[in-house]
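J.: So you can see what is in the structure, the chains are spelled out below.
2 protein chains.
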Amino acid sequence: MTLYDKVMELSKRRGFLWPSFEIYGGTSGFVTYGPYGAILKLNIENMWRDFFIYKQENFIEIETPIIMPSAVFEASGHLEHFTDPIIACLKCEKRYRADHLIEELVGVSVEGLAISEMNKIVKEKDLKCPDCKGDLGEVELFNLMFKTNIGAYKGDVGYARPEAAQGMFVEFKRIFNIMREKLPLGIAQIGKTMRNEISPRKGVTRLREFTIMEVEVILDPEEINNCPAFEKYKDTDIMLLTASLQQKGEPPVNITVERALEERLIDNKWLAYFLTVSKNFVKSLGVADDKIRFREQLPHEKAHYSKQTIDLQVYLDGQGWTEIAGHAYRTDWDLSRHIKYSGVDMRVFKKADTPLTVRKLVLKPSKATIGPDFQKDAARVIEELNKLDAAEVKRQLTTQGFIEVAGKKLTSKHIEFEEREEVVKGKKFIPHVIEPSYGADRLVYTTLEHAYSEKEGRIILKLPVKLAPIQIMVYPLVERDGLPDVATQIYRELLGEGFRVEYDVSGSIGRRYARADEIGVPLGITVDYQTLEDKTVTVRDRDTWRQRRVFISELVNILKQFFEGRIYFNQIGSPVDTNLE
Amino acid sequence: MTLYDKVMELSKRRGFLWPSFEIYGGTSGFVTYGPYGAILKLNIENMWRDFFIYKQENFIEIETPIIMPSAVFEASGHLEHFTDPIIACLKCEKRYRADHLIEELVGVSVEGLAISEMNKIVKEKDLKCPDCKGDLGEVELFNLMFKTNIGAYKGDVGYARPEAAQGMFVEFKRIFNIMREKLPLGIAQIGKTMRNEISPRKGVTRLREFTIMEVEVILDPEEINNCPAFEKYKDTDIMLLTASLQQKGEPPVNITVERALEERLIDNKWLAYFLTVSKNFVKSLGVADDKIRFREQLPHEKAHYSKQTIDLQVYLDGQGWTEIAGHAYRTDWDLSRHIKYSGVDMRVFKKADTPLTVRKLVLKPSKATIGPDFQKDAARVIEELNKLDAAEVKRQLTTQGFIEVAGKKLTSKHIEFEEREEVVKGKKFIPHVIEPSYGADRLVYTTLEHAYSEKEGRIILKLPVKLAPIQIMVYPLVERDGLPDVATQIYRELLGEGFRVEYDVSGSIGRRYARADEIGVPLGITVDYQTLEDKTVTVRDRDTWRQRRVFISELVNILKQFFEGRIYFNQIGSPVDTNLE
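Chains as they are written, first to last, in the working numbering: chain A, 28 to 608; chain B, 28 to 608.
If we strip away everything but chain A, and leave its shape as in the complex, we get:
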């Protein structure tokens, strides 16, 4: 049994995660988090918030819808670019990822190849459907967004978002205003995202529905190397596999982020800073230093919006180095596109040190033509027109021959332009974006695999104490002689104090300890016969199986100190000689 199989078996049996809809035969690409997995995932999300929002200055979290109207994805480029090549069998109608199928049948990588080139290979090699040996059709592009209709009108198409980021971009203007127009501004979001994968992988590596955790760090491109927070972390060592090393077939280098920046392996300081935040975050999930590396995406792998993307990969059993986060320098791509497609000016004003003289294009609604052409709507047309950016209006008139204002089509006869010289106190610019983006589901699996250990033929899930879904188990040694009463009382007190605690009375004490170890419960409290005599209980440590005795009256206080990280296990109460494994 591979480590992967062991972790997934444990996950299913103990209630962390498993494939959804089992009673209906399952649907690949969907996963269910059980009683322990759902809390583990929440704990990981909250730890991420700590690193990527709460501990950063001027970083905030928002929540935007999953379903978005098609206009958003026309602007973002996802309607055009967010596709995979597919090929269908003309006989049995089965569909395949075209690149995967060609790789499988021909044995060569077709990554980055154009559709026409893939079609050529299919024809030349006379490839057939592996299932029924039927002829294959043409390679086509399949959009990976889930499509639906909003409302009862067939025409109102919407899509489930394939990333959270667009929610931040379309709301940027209002948020920037609310946050008192300061840059850099970090806008984060944790939420569900959907990608209609053609061939979802096993486990959680390629899901159709998953939780994304993203921050869009919005900044002045002229300040992209001004990152005060970087100073503290500049000596962080990273294992870095650049695009160029990959192209040369060479292994990654170990290098400090500062040096990598000097050697221009990382585009800018803010991007470099987030590599260090990411490394520290992933280490706090329990992943060892040598199982974390950064890989730059190759030119053909990068998303359409990215200047440089550096993935964080962790080493997973059976899957090798696996991407769990991306750090993309999205430049001004998204904001520029939304400005263009919505006609709303989302540029940011920047005060200059000294006033500047600039030539500025201004527009003047031509009342002589607008009046007669639009009658009673003329006033509204003029009002709306005056709100628009002159350069953008001119661009649209030039490219498409008209511009829509207040629902009316205006042509060049309705608008006059004029260049004016103006003394301005600053300039407007489109901010740039650095984006660290995480998949929460992969983090849950990574955390589980790296916590998995075995001792004397038993499984111990050594989850970091902060992430453990259940902090404390409470047990009566046996189910008689009044022990359950005392244990229940302790259980309820701890529940009331806000601990995540469970009461377990079923089976032998050894079996109950074993179950708690498999769930990763850091501490167990056992009420035994000595409890009835001296009002003490034992506290058991998951990782060492050692036990210590504590007065019930001191329990809450000691447990608080332990879970706040203020005392170690061996500072709890007094030692116990024997244990009950």
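Since the hints were made in silico from the structure, they are not lab data. A couple of the hints might just be wrong.
The list makes no distinction among identical chains, and a pair is therefore deemed to hold if it is satisfied within one copy or across any two copies.
Straight-line C-alpha distance at most 16 Å; calculated EDC-like pairs for lysine to aspartate or glutamate [unchecked claim]:
{"no.": "1", "residue 1": "Lys200", "residue 2": "Glu49"}
{"no.": "2", "residue 1": "Lys329", "residue 2": "Asp570"}
{"no.": "3", "residue 1": "Lys152", "residue 2": "Glu419"}
{"no.": "4", "residue 1": "Lys367", "residue 2": "Glu49"}
{"no.": "5", "residue 1": "Lys387", "residue 2": "Asp416"}
Since the structure of chain A is already known, use the hints to place chain B on it.
T.: The following block gives chain B in isolation, referenced to the frame of chain A:
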């Protein structure tokens, strides 16, 4: 300006919530939570977890997918029942909620009317499209689930879930097993839900995408009046509007839950218990006692699965009594249906006090017919057949004439039945379900409206301290003389200690206080000239505008005590005579 308009204006301006996709003209039914709204919503969700999961025994949380295959909703009845009547104009093609349109045009309530009766009214009254005066078509049923395709095959239809509950039901068997087969078992979920409303309302009252918080309390129907936790809350007073009072046009009664139970106004004790949990929860959001009432749904309003549904309503300005939670007794509807549609036995075994003699139907695969008919698949067919419940197999053979086993159609010639007398140690039963279900978005609005107050022409958002998105503001009195340095240092220390804190330096101190009051920040810390002399700062209370002086060295400790509810504001440091409003 109504209170509703004031709250929404504040929400938008200060960054709690606003309609989504504004730059693209907006799409009704979608809402965005800004920097303060997203945290407020998270805080409300976590408070809900406290009341409905963490403080309940054997209650756990799971996370299941939003997109589910159609098989789930065939079984749950949503494909058939989750509909609204619509009517389209034959000329301009505009679509309307048929019942709303008839009510608007004719002025009578058509609630609960059949489609045929609505069609009759449309014809008799010769109703026309209010927009273009065109003829109207037939009233039809429109399914409110968002539809999509899973994968590249057109046939694999999926729907966005209209409630979280089905996720709990389809996973019940595994979760029950993980939780060591104890009832009652509470399975909770907080997550996004989608309903393709035909006419979404303004604000957050009827959204197309919203967050649901649900618990399915799964229990033995014979134990539905055995609820030990109820005892502590049985004297809780509630304002109750029964179906019968509504039918008689009478006002609600004030009654204890215990008395309501005795008078059979509430179906069972578990349902009654959750009314008390709900009331306490909603009060903790800051809603006054007399703004909370419980309304029983009328027979025609109830969902297809419900025996009794009691809504919790809060009084909102302009909207009147508004449903923010439902408490439904779903009986065994859902589990029965999923057992039937999936063929998986999800019944629960219950040990009897004394062994019972029962007549039991058993099935015997008829090898003489299965062998020849299914050849090499025969062994697998027999194996699968033996796993099925005999009574269910017989039912399917009787109703549809065949049963599908291992992909093969079996008829009655393949299966023999026999009744046997057996001494059994217990029986199997289908558990029943009580469901408290909340809309998180409505709770956010409710919390904001009930926190909204005005004082001397200024707005104060008196959010409960536990819910405040920002706990502390840190201000330098002025932006010079070293005050910002000290303030920044305090800000960073508090950030490091895990407080939700903001630093504000922009504008006069009075304006900054006013902004903090509008966001509902409970405490403000001001660094002034005295700070430079004696290392003290002032702490300002949002609700009273009073200030007290505290040593910086004691700040963290005092703030912790305040936010844990261990000290009151007037126990902080020493009083200050003047304040700076």
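J.: Please go over all the hints and tell whether each is borne out by the structure.
T.: Structure-based check of each hint:
In this assembly of identical chains, Lys200 and Glu49 lie within 16 Å of each other by CA distance solely across copies; the values are 10 Å between and 44 Å within a copy. For the identical chains of this complex, Lys329 and Asp570 are neighbours neither inside a copy (42 Å) nor across copies (52 Å), given an alpha-carbon limit of 16 Å. Neither within a single protomer nor between protomers do Lys152 and Glu419 lie at most 16 Å apart by alpha-carbon distance, with minima of 50 Å and 52 Å respectively. For the homomeric pair Lys367 and Glu49, the shortest alpha-carbon distance between copies (15 Å) is at most 16 Å, but the shortest distance inside one copy (46 Å) is not.
Proximity of Lys387 to Asp416 under the C-alpha cut-off of 16 Å is restricted to the intra-copy arrangement: shortest distance 11 Å within a copy versus 80 Å between copies.
Violated hints, in rising order: 2, 3; the structure is consistent with all others.
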